[in-house]
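Take the sequences, apply the hints, and build the full model.
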Amino acid sequence: MDIKKASEIALMAGEILLSNGAEAYRTQDTVNRILRSYGYAGECMVVADGIILVIEDEVNGEKITSMKKVNKKQVDLYRIELINSFSRSLMKEKPGYDEAVGRLKEIKNAPEFSLFVRLSAACLSGFVYALFFGGSVIDAFAAIPVCFVTYLVKVKISEFGFFQFFENFVSGVIIGLGTYLLSIVFGAVNMDSVITGGVMILIPGVVLTNGMKDIIYGDFTSGIARFFEALLVIAAISIGVGAVLLIATKGAVVSVA
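Mind the numbering: the sequence shown is residues -7 to 249 in our numbering, read in order.
Simulated from the structure, these hints should not be mistaken for laboratory data. Every value quoted in this text rests on a predicted model; they were computed, and no experiment measured them.
Here are the simulated BS3-like pairs of lysine-lysine, each with C-alpha atoms no more than 27 Å apart in a straight line:
no.: 1; residue 1: 60; residue 2: 86
no.: 2; residue 1: 97; residue 2: -3
no.: 3; residue 1: 146; residue 2: 100
no.: 4; residue 1: 97; residue 2: 60
no.: 5; residue 1: 64; residue 2: 97
no.: 6; residue 1: 146; residue 2: 61
no.: 7; residue 1: 100; residue 2: 61
no.: 8; residue 1: 100; residue 2: -4
no.: 9; residue 1: 65; residue 2: 100
no.: 10; residue 1: -4; residue 2: 55
Take a look at the structure:
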């Protein structure tokens, strides 16, 4: 296989890893392993939103530099596992370019969980977290509709391609507003527990953890970027929730006065 085709396969695998939440060191290791499988030496550098790859053909001295920008990001551990299995299989067999690209496209287009399953998981998570953080059973059940609406709106907003801060800010507003309305309708609802249950389904725990792992492994550029990305998400959610509660509290004070 020529050097350009090997580069394309390695970059495609790296793109799938990075876009699905893999750490920088894992992405670099996988890309380098794929290159070695096809007999090439390379240097891979992963930054927050892209991959830079330099490959050298030691036989004829040819070098090429490639770069791939990764825009859309999510957390999908299943796709990461599939890419890991693919790269390990190259140590035993070396598929041709068409076969390798075909397998990578299958992984990239692997079906996701249905919206119903994801909504159910979000509601269950909110229910459990509301209980875990000191809420009553009533609080836990109150968290279910809040999580349902929040996650559904977040999915719909993301389909329009809005920037991440706005997406999470609106989600925070929905959590705060939904919780406040439930506390008016059902006076026994503990707002703190319901808000906590709703917020926990949005917290980017994997991104935050991977950012710390990248920093520990010495990938400071990627690690710090991921760490601050997670902090920005948390800040957007907090501002959204806080804005609603501040307006609601001031409105209640004015009404009483």
